[in-house]
Structures are given as structure tokens and as C-alpha cells.
Amino acid sequence: MNSKFAKKYRYLAYLLIAPSIIIVTTFLIYPSLQSLYLSFFRSTPFGNRIIYVGFQNFQRLLTSPAYWNSLTRSIVFTAVTVFISIASALILAVVTNKKIKGAKIYKSLLIWPFAFSFAFSGIIWGVLMHPNVGIMSYYIQVLTTFEFNWINNGTAAFILIIIASSWRMLGYNFIFFIAALQNVSPELLEAADIDGASPVTKFWRITFPLISPITFFLLIMNTLQVFFLTFGVVDVLTQGGPARATDIVTYKLFRDAFLSMRTGYASAQSIILFVFVAVITIIQFKYAGEKVFYQ
Amino acid sequence: MKRKKSTTIFIHLFLIISVFLVSFPIIYAFMVSTLNINEVYSSPPKLQLGNNLINNYQEAWQRSNMGKLLFNSAFISIVTAVGKIALSISAAFVYFGNFPGKNILFIMILITHMLPLPIRIVPTYQLMDNLGWLDTYYALTIPFFASATGVLLFRQFYMTVPESLLEASLIDGITPLRFLWSILIPLSKSNIVALFTIEFIWVWNQYLWPLVTTNSARVRVVQIGLKMLIPSDAQPEWNVIMAALIIGVIPPLLVYLTLQKSLVEGFAMQQDK
Numbered sequence: 001m002n003s004k005f006a007k008k009y010r011y012l013a014y015l016l017i018a019p020s021i022i023i024v025t026t027f028l029i030y031p032s033l034q035s036l037y038l039s040f041f042r043s044t045p046f047g048n049r050i051i052y053v054g055f056q057n058f059q060r061l062l063t064s065p066a067y068w069n070s071l072t073r074s075i076v077f078t079a080v081t082v083f084i085s086i087a088s089a090l091i092l093a094v095v096t097n098k099k100i101k102g103a104k105i106y107k108s109l110l111i112w113p114f115a116f117s118f119a120f121s122g123i124i125w126g127v128l129m130h131p132n133v134g135i136m137s138y139y140i141q142v143l144t145t146f147e148f149n150w151i152n153n154g155t156a157a158f159i160l161i162i163i164a165s166s167w168r169m170l171g172y173n174f175i176f177f178i179a180a181l182q183n184v185s186p187e188l189l190e191a192a193d194i195d196g197a198s199p200v201t202k203f204w205r206i207t208f209p210l211i212s213p214i215t216f217f218l219l220i221m222n223t224l225q226v227f228f229l230t231f232g233v234v235d236v237l238t239q240g241g242p243a244r245a246t247d248i249v250t251y252k253l254f255r256d257a258f259l260s261m262r263t264g265y266a267s268a269q270s271i272i273l274f275v276f277v278a279v280i281t282i283i284q285f286k287y288a289g290e291k292v293f294y295q
Numbered sequence: 001m002k003r004k005k006s007t008t009i010f011i012h013l014f015l016i017i018s019v020f021l022v023s024f025p026i027i028y029a030f031m032v033s034t035l036n037i038n039e040v041y042s043s044p045p046k047l048q049l050g051n052n053l054i055n056n057y058q059e060a061w062q063r064s065n066m067g068k069l070l071f072n073s074a075f076i077s078i079v080t081a082v083g084k085i086a087l088s089i090s091a092a093f094v095y096f097g098n099f100p101g102k103n104i105l106f107i108m109i110l111i112t113h114m115l116p117l118p119i120r121i122v123p124t125y126q127l128m129d130n131l132g133w134l135d136t137y138y139a140l141t142i143p144f145f146a147s148a149t150g151v152l153l154f155r156q157f158y159m160t161v162p163e164s165l166l167e168a169s170l171i172d173g174i175t176p177l178r179f180l181w182s183i184l185i186p187l188s189k190s191n192i193v194a195l196f197t198i199e200f201i202w203v204w205n206q207y208l209w210p211l212v213t214t215n216s217a218r219v220r221v222v223q224i225g226l227k228m229l230i231p232s233d234a235q236p237e238w239n240v241i242m243a244a245l246i247i248g249v250i251p252p253l254l255v256y257l258t259l260q261k262s263l264v265e266g267f268a269m270q271q272d273k
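Quick note, the sequences are listed as chains W and E, same order. All the letters of the first sequence, read from the start, carry residue numbers 1 to 295 under my numbering. All the letters of the second sequence, read from the start, carry residue numbers 1 to 273 under my numbering.
Hints may contain errors.
Unchecked claim - Listed below are the simulated EDC-like cross-link pairs for lysine to aspartate or glutamate, each with C-alpha atoms no more than 16 Å apart in a straight line:
hint, chain 1, residue 1, chain 2, residue 2
1, E, Lys227, E, Glu237
2, E, Lys4, W, Asp193
3, E, Lys4, W, Glu190
As the list claims (entries may be wrong) - Listed next, the stretches of chain E that the computed footprint assigns to chain W, with coverage defined by at least 3 CB atoms under 8 Å from CB atoms of chain W:
hint, region
4, 81–90
5, 102–115
6, 240–246
To be clear, the hints were calculated from the coordinates, so they are not data collected in a lab. Bear in mind that the values here come from a model prediction, so they are computed numbers and not experimental data. By construction, the Cβ of each residue, glycine as well, lies at the ideal position given by its N, Cα and C atoms.
Could you build all of it, start to finish, from the sequences and the hints given here?
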């Protein structure tokens, strides 16, 4: 690195990085440490005092069936949503990447769910599948006699939040796959064509290995996003119900922190969630290192 | 190599069905936004355009105070996106320098990836309370100014800039700041555009944080305003709600469409938390 720049402008370097460091320390690192601190305390009913309780919050959480319900449901919800949205986005990206007329139009029309928030996606799908007004739930019932009532039925509600979240994630993943596929050389695929490779062989032997870094990256990002950011879907639709069927971890955390005002108990949940992020991050660095960021 | 005609037809058929499935919810939302309330609750449900479009949109606009919602969302989205871009550009520029603590400072910024909001929501909320930032634009913007994505994106770009370019500029008496402003920033235009798009849509669609930190109509954003149109104890007027939803998704959609090209090109990045 240029030493002249380094010495003469050292103060400038600190000055330039300072704003980011201040923001990160004040609003991210410091509050996270405080979450850890608070997780060892219980607040009094009026919230004016906190009492040290050691590991009691964690103990309670890990022995609480409600919390295990929330944790398992979140994991299943995340796994299924991530699988559906990545698989369908990949298939669609590979197909639209072929030399066909109107590929651009197809692409634009497949990306637009990306502009919708999880909350908006939730509202739209909630109405589509609504037991009283929804066109989709109506025809599902006519065709299969199955009543898709997400207002009373936990399984239906759980399926609904998966569909709404997958739909939103599809657009996000599709953009990344399209960008990644642009780097797959057409010559390579043509050469394989001449050798008589079938489309399936071409995909698994050429395309997939070339885009596997981005697929891995999306797997990580999707897992974090679906796990942490789908709060809106649940809040606009089910508020965790019916019978806690959609009580995902972020929703439970929100209820305990801001509706029941149990700050210590909620902070302990934050720390458990941090363990989850840490595991994901370790996997990410172990298997992809920094490359995953830079592709 | 030429494909068989039947294969081409099959591909088009597959894509048309896929596009329909992906777009149908949006088309349906629009259709509902044109119906009157009796049509919404009629059985079997109607799949058609109604005559109530203007009424519903007027009603949605007035009932949700849409003008204010749109302004608030646009304001915080633009301010946050610009703030993130500015801070990322300058933090990443440090890449060119060599000074004690450089790596640890970079790692501090990258660590933000490991600290999504739910991990620190209680203390961050309390901090907002202590600062007197609850129910203000400050809470909705400033805590989000740092961006690991942005720093990585710009650092990655700076890596491709030949060092000789910087050296030559310094020898010519150009200051590093001048170099950043007149050479690097113009060169990273496509990255800036991509980051702006992502961050704008990202902030626009944020839900949990505005829900807990804002309460008054003064700073209420589109996402929360829309939720408030859904009553918990009465039959929701889905036609009016859908009208509000369509209005509320137009700005991020427009931002996205106008910047789509550069997004796909300059896209080698991820979303923040």
C-alpha cells in the first residue's frame, strides 16, 4: 500500500471511517452487548427496576413448550420457504436465460414481487386465500373440498405465511440468479451442445457448478432474511395464531418485549437468536470464506 | 445449434404460466381495488374489474392520510439510502491507506451483518427513548446509516482501481479527498445506483422498527398506515385496503423499474439487516 498516502493522510483515514464506526458502535454493537446484559435481569411489573436473576430467563425459555413451539415452527417455516423460493427462482432464471423471444419481458414480470414488502405480500395472499372473500381458497374448496381457512386452522395459516414469504423472496433470488447466469459463457454451453449433452447434463455439469457460489450465498442470506424479517407477514395476518401456529421467533420476541414488557425475558430470546446467526456465519465462513461476499 | 420448435413452444408455455402465477396476486389485488364492498363479499368471489376504482382510491387516500404516509416513507428512504452510500464510500476509501487498527475497524463494520434488529431491539428501543428520538425521523434513519454491504461493495470496487492511478494523482499534487471525489465516485456510479435502489426499497418496506418506534401520524410510514386500515373487530374493506396497497407499492416499483438495468449489472451484493 502507498506509504506516502498512509503517513501524510493518516488523520484523514480515521476521519473518513469514523462516521461508520460511531453509528455501528452506538446503534449496533453497544445495544447488542446490552441485550446480553439485560438477559440476566428481570424487570419489575412497573418496569421501573430490574433484578438480577442469573440464567433464569434462559432456563425458563428452554423449558417452555411455547418457546420450543416458536423455535421449531420458525425453523420449519424458514427451511421450507428458502427451499421453495431458491429452487423456483433458479429454474425460472435458467429458463429465461435461454435465447428466446421476449426474454426481457418475462424477466421483468418475474422480478416485481421484489418491490413488495413482506407485510404487503402477506395482505395480498391473505385476501387471495381468505375464507370469505378469497378467490383461491374458494376454488381450492370447490376442486378438492378442502376448506383452506387460515383464520381458524393453524396448518392453513402456517402454509399461508410460507406462500406469502416465498413469493416475496422469489423476486429477490431471481435477480441474483439472472445476474450470475450472465457470467456463464454461452460458448461453453454451445460446445456441450455440439458434444450432444442433454439440457439436464448441461445444467448439472456446467451451469450449476458455475453458479454454486451465488446459490450458497443466497442460501445464507435467505435463511437470515426469512428467519428475521418476515415479522410483517405474521403481524398483518395472524398475529401468531391461530393457537400459536404462526408464532415465529421474531413475533414472540416482539410480544414479550413490547406487549408484555418482559424486557429481560425478551433479551434472552435475542441472545438465543444471536447464537443462531453466529452458527450461520460460521458455516458461511467455513465453506465459502470471504468469497461469498465478493462472488 | 438450433432448438427444436416444439421445445421453444414448451419453454414459452412454461414461462407464460410462471409469469401468470407470479403476477396473479398483483393483478388480483388490483381487481379487488376496483370492486364495491358488496362485490368483495359476494359468493362466489368475483374475478373482474368493478366500477368503484375512483371511489376506492379516494377513500383509501383520505382514510389513511396517504399523502403524509408517502412523504414520510419517501423521506426516510431517500435520507437513509443517501446516508448509507456516503458513509460506505468514505469508509471503504480507507482501503487505500495503511494505518494502525485498519483491520479491526473494518471488522467492526462487517460485524453489523451478525446483528440484525431482533438481536438488539429492546436496548435500541430504550436508547431511542433516552435520546428522545421515539416518534421522530431520527429513529427511522440515523441508526441505519452504517452498511456492511455498502462498505464491501465499494471496497471490492476500489480493489480493481490500479494503485498507480492513486500514486500518479498524489504526485501530481491531487489530494486523496479530491481523488475520491473527482475520480473514484464518478467511476463507481453503477454501484451507487445499485445500492440506492436496494436501500430505498429496503427502507420503504421496513416494518418492525417503525412499528415499535413510531406512534403518531406525523412520522407514520406507508407499511404501518396500511396495517391500520385493517380493523381487528370488523369486516375489513378489502377493496379500500387494496387500493391503498397499490398506491403504496408504486414508489418502490418505480424506483426499481427506472434503475433495473444498472441493478442487474452492478449487482454483486446482498441486503443488510
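Structure-based check of each hint:
1. E:Lys227 to E:Glu237: At roughly 12 Å apart (the allowed maximum being 16 Å), Glu237 (chain E) and Lys227 (chain E) satisfy the hint.
2. E:Lys4 to W:Asp193: At roughly 13 Å apart (the allowed maximum being 16 Å), Asp193 (chain W) and Lys4 (chain E) satisfy the hint.
3. E:Lys4 to W:Glu190: holds, 15 Å
4. 81–90: holds (count 3)
5. 102–115: Held - the region 102–115 of chain E has 9 residues with a Cβ nearer than 8 Å to chain W, which meets the minimum of three.
6. 240–246: holds (count 3)
Hint compliance for this structure: no hint is broken.
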